[in-house]
Structure formats: C-alpha cells, structure tokens
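Number of protein chains: 4
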Amino acid sequence: MVIVMQADATRAEIENLISRLKEVGFGVHISQGTERTIIGALGGNREALAQQAVEALPGVERVVPVVHPYKLVSREFHPERTVVRVGDVVIGGEEVVAIAGPCAVENERQLLETAQAVKAAGARVLRGGAFKPRSSPYSFQGLGEEGLRLLALAREATGLPIVTEALDVRTLEQVATHADMIQIGARNMQNFELLREVGALRLPVLLKRGLSATIEEWLLAAEYIMHEGNEQVVLCERGIRSFETATRNTLDLAAVPMLHRLSHLPVIVDPSHATGRWRLVEPLSLAAVAAGADGLIIEVHPNPAEALSDGPQSLTPTRFATLLQKLAPLTAAMGRSVSHPSGVMPQ
Amino acid sequence: MVIVMQADATRAEIENLISRLKEVGFGVHISQGTERTIIGALGGNREALAQQAVEALPGVERVVPVVHPYKLVSREFHPERTVVRVGDVVIGGEEVVAIAGPCAVENERQLLETAQAVKAAGARVLRGGAFKPRSSPYSFQGLGEEGLRLLALAREATGLPIVTEALDVRTLEQVATHADMIQIGARNMQNFELLREVGALRLPVLLKRGLSATIEEWLLAAEYIMHEGNEQVVLCERGIRSFETATRNTLDLAAVPMLHRLSHLPVIVDPSHATGRWRLVEPLSLAAVAAGADGLIIEVHPNPAEALSDGPQSLTPTRFATLLQKLAPLTAAMGRSVSHPSGVMPQ
Amino acid sequence: MVIVMQADATRAEIENLISRLKEVGFGVHISQGTERTIIGALGGNREALAQQAVEALPGVERVVPVVHPYKLVSREFHPERTVVRVGDVVIGGEEVVAIAGPCAVENERQLLETAQAVKAAGARVLRGGAFKPRSSPYSFQGLGEEGLRLLALAREATGLPIVTEALDVRTLEQVATHADMIQIGARNMQNFELLREVGALRLPVLLKRGLSATIEEWLLAAEYIMHEGNEQVVLCERGIRSFETATRNTLDLAAVPMLHRLSHLPVIVDPSHATGRWRLVEPLSLAAVAAGADGLIIEVHPNPAEALSDGPQSLTPTRFATLLQKLAPLTAAMGRSVSHPSGVMPQ
Amino acid sequence: MVIVMQADATRAEIENLISRLKEVGFGVHISQGTERTIIGALGGNREALAQQAVEALPGVERVVPVVHPYKLVSREFHPERTVVRVGDVVIGGEEVVAIAGPCAVENERQLLETAQAVKAAGARVLRGGAFKPRSSPYSFQGLGEEGLRLLALAREATGLPIVTEALDVRTLEQVATHADMIQIGARNMQNFELLREVGALRLPVLLKRGLSATIEEWLLAAEYIMHEGNEQVVLCERGIRSFETATRNTLDLAAVPMLHRLSHLPVIVDPSHATGRWRLVEPLSLAAVAAGADGLIIEVHPNPAEALSDGPQSLTPTRFATLLQKLAPLTAAMGRSVSHPSGVMPQ
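Residue numbers (our numbering), protein chains in the order written: chain A, 1 to 347; chain B, 1 to 347; chain C, 1 to 347; chain D, 1 to 347.
Misleading hints may appear alongside valid ones.
Since the list gives no way to pick one copy over another, a pair counts as held whenever it fits inside one copy or between any two copies.
Claimed, not checked - In silico DMTMM-like pairs for lysine to aspartate or glutamate, Cα to Cα no more than 25 Å straight-line:
#: 1; residue 1: 326; residue 2: 113
#: 2; residue 1: 71; residue 2: 8
#: 3; residue 1: 22; residue 2: 306
#: 4; residue 1: 71; residue 2: 231
#: 5; residue 1: 22; residue 2: 146
#: 6; residue 1: 119; residue 2: 108
#: 7; residue 1: 22; residue 2: 145
#: 8; residue 1: 71; residue 2: 95
#: 9; residue 1: 22; residue 2: 47
#: 10; residue 1: 71; residue 2: 35
In case anyone wonders, no lab produced these hints; they're calculated from the structure.
Bound-form chain A, shown alone (with noise of 0.2 Å):
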C-alpha cells in the first residue's frame, strides 16, 4: 500500500508508522516531498496491519491499495480462462450459452410448456423460480420445494440442466438436491453465510452482481466461494443502480471486458433484469455478446400477461427463438457459435 501523509504531519507520527509498518514485516520506502511524504510499504502482513487500520493512525492523510483484495478469482496468478460445466453444457468456452425460462415456475403447464419451447429455440439451461425474493411480503413468494420439483420434471422431459436460486442456507441443500446450479440472487451477493455454504457444494454456482456493488466487491463475493473449494462459478451482469428511472436498472456491459481482464470466471449477462422491458432485450442481447459475454440469462414465458412475476421483462417463446437466430450471425462475426432454430420464426 502506499500511505499519504497529511501535510502537517509530524516527524514522530511518522516514525510511529513506520515502526509499525516493520513491525509486521513491510518493506518501507519513504518519498519526502516539498508538501507532503508518501510512504510505500510492501509485502508485508496485510491481515496484521490492515489498510482500515493504518488509515486511522494519526497524521495519516489516505492509504491507496496497491493489489487487488482478491487472489482466487483474480486472472493474475491463473492466466487461462475457467471453463463451467452445468450437466454437460460448458459455460466459457467458443459457445455463447443460452440459459432461458420463466422467472417464477408458476405449474406444471406453464413450466412444461416454458421448458420445450425454449430447448426447441436454443436454450440450453432452463431457469427458473423456486423461492422468489421479493420487495413486498404481499408478492407471490414462489411455489417452493413444489417449484424444485416441477423443475426436475421439467429436465427430465427436455433433458435441459437446471438452474434456480437459492435464498437461504437452511433450504440450500433442498435446491442443491434438485438443481444443476445455483443462482445466488443480487439480493444475497453479500449474504456472506450462503456464499460459504454454496463454496462447500460441488455444483456450479451463477453469482448475480449487486444492485449497488462495484466491480471489486462482486469479485471479493467470488472469492468468498473459491475460498471455501468451489471453483466453477459463473459472474452474472444483471444491470446497476442508477438515477436512471427509464429503465429498471442501467446495464453495466463495460463489466464483461472489464471481468474477463480482471477475472478467469466466465461472465453472462441478464438483460431482462437489467431493461425490465421485453422489447430492450433483443438489443441488449445482442450488445452483451458483442462485448464478450459467455452467455445470456433470458426470461421467457408463454403469457408475460398471466406470469405472477416480472410480465413486462418477459419474451414470448417466439420472441425468443428469434433472438437466438439473430445472435447466429453475430456469434459467427465474433467467432463464437449460439444454439438456435434452423426455420423459419412464425412472426
């Protein structure tokens, strides 16, 4: 870290940072300027002496961190990029990874008919809504263990893998037990019990960014995850908040480029949370796989007008399969491919 002195800082506040900065084994290196002394310190102890503490000693002006906080995650010291396998598809390779369904599993129709509509499109992870976060206690708070078990019906007659959220350490094994991933919801990016417990799991984990969360804090939630031996997780871009009121949230795509320069995980992107507007996320869709997004996170319902959660953010299947075949073409200028439907659309 390299510590700012304030400009009237005196020589013995000084000398006391640094006896402390050795004291833990920091390498120091004192720069005396005309207006102020800025002292580099390095390789020491940063759990001893950390950066909080340091900043609270007297006569110190600011400490500005040299290395990221996060090793696991960080492309630093792991070069090649992580590949995620959910069942047999693998997230972060050539293939821009279509995952799609209802954002609440409603019934068994609805589901049903989300499940093979969206697997005949392209789709190849179904998601899906057990337990549902909502702002409101007078919401529909999801089906529940009954929703886990519509979903496994619903892999066993498409033969999709599944995806779905868990909220709670005390039903996350009940998901684990269905589930072919787990999503951890922006609600609970820093819901640091349920980030350890989904790290002791063997399943593969899509961590959604906070609503208010920078770049550092969703990698530092990834770490909480790999540190616990879970390494297959998936970062998900679901969009930010902004003063923005046009859209639900501002989409941040800048994130994709960005995480894969920082970070070996796989990164996909939501554009349906991110607009809550069915008729932004075809471009959306479009621009985050542009951006080098390894996947797209879609919400798809026959009836948006019926579905008891987020109507307005959801395509119709048709609509559906005809984003898939409009990324075709654009997977192929980036060279990358995209599952999709060979026909025709009926408009």
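Here the structure of chain A is known, so what remains is to put chains B, C and D in place on it, guided by the hints.
Just chains B, C and D, lined up with the frame of chain A:
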C-alpha cells in the same frame, strides 16, 4: 392504480384490460383524451392482478400505483408514533437516544473499557459486532459466540442493554439469547428469510437501510418484520451509495422527516458508517438530531488505530463525550433531551 | 395528467382543483375510490397550468404526467427516422459511421498525421477539440481559434468533414465558420442559451448526454435545438455517472434502443469517454453497434502517452484500424455496413 | 503523484517512465516489492507532465494524485475562513444568513409582497430568478431584463441586497448591473467561460453544486473564479442526483463540514431544491445549520399554488417566519445567531 394506454392502443386492447380489471373487483374509470386513454382502477384485489401483470398486457404503456404498497408500517392507518423499548430505554420518545460502542467486539478489555466509557459519557445502549459482514473473506469476521458472551458481560458490568447484528438465520437464536435488540445490517435489508425470522421474535429490531435501497423498499423490509407480528422496529439511516467518493456513503438526512411522515416507526441515524471519517461524525450527529432523528448509533473505540475494523470512523471515548455535550443544548433547542456528561471533558 | 389526491383531501380541495383544471380547458374525469380520489385531466393548456402548479395545490399528493413533455424530437408524431448529413456523410442510414481523431488538437503535425491515419482506417468524419472544457483551470484548455484553423487544414488534406465542440455562445460563430458539425459537450447539455444558438444555425449538431441527464432531459435538450428550427441533431451516449469507479463513467447502452423507440433522431456512442480506458474501447464499440448505434466517436492519437488530454482512453491509429476491421463482419451480421481497411493491419 | 506499475511491467518501461519524470523536474522514489513496483514522483512540473499522460505510458497501471488539484480555494494554504460581503450582509461570520424569495420573479406585486414578507421574517438577502434555466423549452423562462428591474425595485423598497442567476456570458453584464450577488446555477457549475467572466467581476458569487459534481470538481469550479481574481465566492450545496426518487435530489449535508475542512470559503445550503417538497424544508434547514452551514437559501412564494415555477417546494411567508423562529434557539445552541421575527407567528 392508474393505467396509461399507449397512443396506438386498440379498442380491443382497452376492452380486454377493462374486463380483466373488473373480473378481480376493480372499480374502473375511463378518461378518454385526444392523445391517450387513461384508466383508473380502484379498490380491486391487487394480489390477484398485480401491477406487473397489467404492465405486461398489450396496449398498456405504464401503470402508476396510487396507494403505497405497505400497510402495517404506514402512518396513514396508524397516526400515533410507535415507541420501541430496549431494556428500559425508550426509542421514539422525547429523549434522543445515543447507542455507542466498537464496530467489532475484539476482546474483553477493549469491550469493557469502551462500555464503561460510553456509559459515563451518556450512551443508553451498547453496540458491538460479534458476527461481522466483511467484503473480503480475508478480513476479521468477528468473534462469533464468544463476542456475544462478552457483550453479555459488558451489560452486566454497565447495565446498558446491548444491540448486535444477526447475520444469519442459523445463528439468530444464539444472538437472540444474548441481545436486547437485534440489528439487521444494510447488506441484509432484503434478506427476506432473516426478516421473517426476526419478525417472529419478540425482541426489538434495528433495521438499517440497504446501500441502494429506496425509502419504499426499506419500509417494505420493515413490513416483512411487522407482518410476522413484531412491531418493535427502529429504522436506521446509514448513508446510501452515490457517485461521491469523498465520503464512504452519502448520508440522506431528508429520509428522516420523510420517514416520520410516511411511517409511525422511530428513526435513528448512523453517522459513522455514513461518512467513514470520524471528523465528520460530530457535525452530522448534530444535523441528524436537528432533522428529527430519535437517536444516533456511533462507533467508539478506545484506540481507533488498533481497531480490527472501521478504525478511521471511530470516535475515542473523549470525543464521544464531547459530542454528547454539544448535543445537549441542541436537543434542548428542539424540545428534546439527551443523556450527557455533566462535567467538562478533557481535550 | 393524472392527479392523485391525498387520502385526507377535503371535498373543497377537490372541487377547487377541478375548477382550476376546467378554467384552462382540461377535460376532467374523477375516479372516486374507497381510499383515494384520482383525477384525470386531459387536453387542457399545460402551459397555463403546469404540473408543478397543480402539485402545489392543497390536497394534492402527486401528479403523474401522461404525455411526454417533448414533441419535435418524438417518434410518436414523426415515425420515420431522421437522417443527418455531415458534408457528404449520412448518419442514421444503413452505414455505421466512424468519427475519429484526437481529444484535443495539439499541433499541425499531430492533427494531420492522425487525420490521415483515421481516414485510411475508415473514419468518415474527423473529430478534434479546439476549445476544451477542463475541470481544472490549470489543465490545457485547447488551442482555440488556431485549433479551428488546423482542423480546416486537416479537412483540406483528407476530405473528411470535421466535428468540433462549441463551448460558448461568443465563440460559436467562429466554430461554425470552420466546422461541418457542432458538438455540444456533456457539461453543456443544459446550457440552454447555447442550445438555442446552435438551433438557429443550419449546421448539424452532435448533442452529448449530460453526466447525470435522464433520457427525458436529454431529449428535451434536443427539443430546444429543434424548436429553433434546426432538425439536424445526432444524440451521443457517452456514459453516465454511477457509483462504479472501475470505469470513468457507466456506458448506458440501453439508451440506444430506448432512444430509437422514443425519438426519430440518430444515436451514436462514445466508448472512449464512457470508459476512460483504451482497452475497453474495442469491446464496447462492438457492443454499441450490436445495440443499434448509428455510429461511433472514438479518440485516436498517434502517441497516447504524449497526448495533452485524455491519453489513457486514446487508441493508436493501428488499434483503431483493427477495431474497424473487427466491426465489419459484425455490421454485416446486423444488416449494416462500416467503412474499414481492406488489408491486414500490422500488430 | 504515486505511480503503480503493472505486475508485468518491464524494466525498460519502468526506466522510460523514470526518465520522463526526471526530465520535468520530479524527484523520483522507487519502491520495489515482490509483486509490483511503485514510484513516488514529487515536486515536478505537473502542467508539463499531467497525470493523464503518465497513465497512458506503457507499463503503468494507475496513478494516484497526492496533492489536491486546487490551490486558491484550499484551506491548506489559507487557514483563516473567508468572509463574503453582499451589500452590508456578511456571509461566513457568526451569523447564519437567510436568503429568501421566489424561484422566479413573476410580476411587481408578487415580488414586492414576498420581499417585504421575507424581510419582516428575518431574511437578509432577497433571491429571485429573472433568467431561468428550464429543462423544457415550453416552460416559463423568466422575465429577463424586466425581472432584473423589478428586483432592483424590491431592493429599493426593502433595503435587502439581491442575488439572482446569470445564465449566460452575454447577459452577465446586465445581471451584474442590477445584482448584489451573482448566482451560478447547478447546470452551469462547469460552464467554464461563465466562471471566468464572473471571476473577472468584483461582485460576490453564489456557486451552486452541479447535480453530479464531486466535491473536488466543485472546488475546481470555484478555483476558476478565484483564478481570475474574484475571491468573494460562496459555495451552495443543493442536493445531488442519486437513485432515490422520494425527494427531488439527495441533500449531501456531509459536504458542509467536508468543505469547511478543505476550503476557506463559506458554505450555504438550499433545502428547497434539494428536496422539492416544502414540508421537508424546515427539518433540513435546521439540519443544515447544525452541520455548520453559514446560511440558507429558501424559496418563498405568497401563493405557492400560483407559482410559475417550483411551487411545491416553496414556503409561504408565514411558514418561512416560523422556520426562522425555530432556527433561533438552534443557532444559539451552536454559538451562532440568526435574524428572526420576535413576535409569535400566526399559524
């Protein structure tokens, strides 16, 4: 709700919407303008036909909710202010209540020394984290159950009731055994399982605002707790995330009078986390009380530079005592009071 | 507009409001619910009784506008897309137009070298700042009129039309004498005097989005220009301010398809200012085109480390040529085209 | 500045950087760690080699500035507080100064009535907009020069000095002829030409914070003014843009003590624009003063529901008088004073 139709909505789309609304009991009022049709829908079953479902109907441009989505926390149906009791301390009454203590419980000496000092200075409740939510898995995570034991010891030694954070449904019972008030931290404001569980307890709850939570989402989180039967909820503004990086967060003091208008629950302010800098804690504590806050929660550490977390935002006990002395004439000017040391503080 | 009355609005307050609305010609529709009264007001004189005036009336809780506040820029009344001509270049047609050049004009050699290189690579318009808005009075402020002269020289040498920023009503005429297109920068998006003045010109305008401007405010800024009679406006998304600091700004690509729905004006994207990092310019350029952008404006400098402003976000001419080569198959996949170098670029 | 090199920076890249730094006079200190090299560069010519140029050099990961980019506004070199005089009113002294008046000057009667009422209530300066920046070209744009004439009339009638906004370099002279203090609005905070022009005047300036301006950018805007020789600058916090929509803007009261630490300039607060709701103006006025504000600027209108702009945030004269009465004991508690009506206000 009010439904604004698209400019090119067809007669059939409008009629379809109206019949859907009437089916579930809404009274429907149609305003036919030259440019657009607007439909007022009042009094129907909002669970049967949610705003989102209406938004997904063809021809609908947008839906404007008319009533707030929360009920139990609302002042509309509960005009008198709620008073929350923590041990024998009353939050929401005439007294401005100071809650103080270290960010994290570190060891017996640190905690007891701080507890006695903040009590002497005028604090009415002791705070201290046993389970700490930390962005990085490599940061100090708290003493856990041992921390709870030390808090109980500090209560015995000082008589101060204690508030401490519950991170997880599994350790909640442990926390509830020792604590006089359960804190739900900003990162868990939408951990709905945890909200439901503290809702089922008969202990007062300190509900911090999420980093990017709107006031409405925050009140809905409180609604989750009240919906389970626990009416002893105190709201705590602790800064939101904005583009400004000069302070750790942006303290939204307008939330204090706004919440007092919308809700009957008491509101306190955490200037330590809001700013991340101890020098700003005093002026913002004064400002919070002037804005109408019912209390303050402030980090105090006997030696901020040795703190295992959040040192730069901690006051020393002496500075905390000085703060309460400065608060005293201000609370008097506001027609309220605050407990404070009577003597002159050493500088 | 739709007016939601307070729950405790009196009969007199409601009647007062209704008579005010009728006075200025509104058709009034009353929805009387059990909890609240809602009033629809359509077709009246909005200038005579603005939303804000209604909101200030006693008994009114809030007012919801029904129609967009802009007219001339709206696609509702002008469904066909506008095409803007800069010299012989068409923005808003089938071709994706690349605008490129240095952030600031520094000297003749730098500008001519860059102009020739970007022309060879496929750029259709040359950009370069003569008047530079700089946060600090101590930063390089641009060459001013000398910069304009050099831009004109570069146009002569290359045949590329030029776009450059006008900062001020007083130097606008000077800029207009030399430029083929006037840029209004993000900081001036709500400099209404300047908007009016460029509205009175007959030169095309590149209107950048303000750092914290909503899409609606941005379209209203364009409305100012069109209202004075200038219909040649191109909108430029260049990133907005959010809490994320990993990139200079947060590029809001959802704005591109959203603007295409709301407005008939062409939309281009500036990935250089949006990210502040040249390594992110290529992936976000591809993403912008995939989202439907009609063009790109990109900073190119022959030697970014010598640039007097914004070096870290500038591409070298070679990297710019590589970018256009990568764009070519993507635009083809989108049914569009882009001018690009035919040969292989040296790496 | 401190320069953090990339982990894989080559020896040649490091040496190139060092020689560039030495060329322009920097003292260079090298810290060689196991993971990275850090270079401290102090005392050189920052105009000759800006931070941005260094960031663009190969091998550089990032550059951390050490000293603030502003000088004249900084308290570091000017520890005593500046006092600004508007007529015979002193801003930045012991008295908390109330500035009040209508958002826009509408007509003689409205202005004189308001001026007399706010004077009677304790206002020391009259505010009123003659030139109004409005998001929409269809909104009332102010009376222009006629508004200035009426303001001068109101000054004559009441003896209150007047502050009014200058929108444009061309009308600045007109404004300066009539006004006692020039307001630079939030939208013009980075209109650098206008800043330079008011810097050349010898009239005090009220510089509002931009909607998304950091504290550093705001101080740099003040630096522009002081750099031209005008030292009479008052900073005005008026709310920033965040995701929260319950209030018009988010009032950042932490900016008040932060500015008092960083700068010697007086700081006032505008609770009317910050909240957009008159009911919040009183509690936030009290809070602003408790946070250390040197004054308040408040919208007052004799009949808010008739106001041509910003009615919902205007106080009536009676409510304004009540506010100053409530402020009186609070300012006394803070060791300051405020002018206020001595009698009891009619409710």
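(message) Under the constraints set out in the numbered hints, which ones does this structure not fulfil?
(response) Numbers 5, 7 and 8 - these are the hints that the structure violates, sorted from lowest upward.
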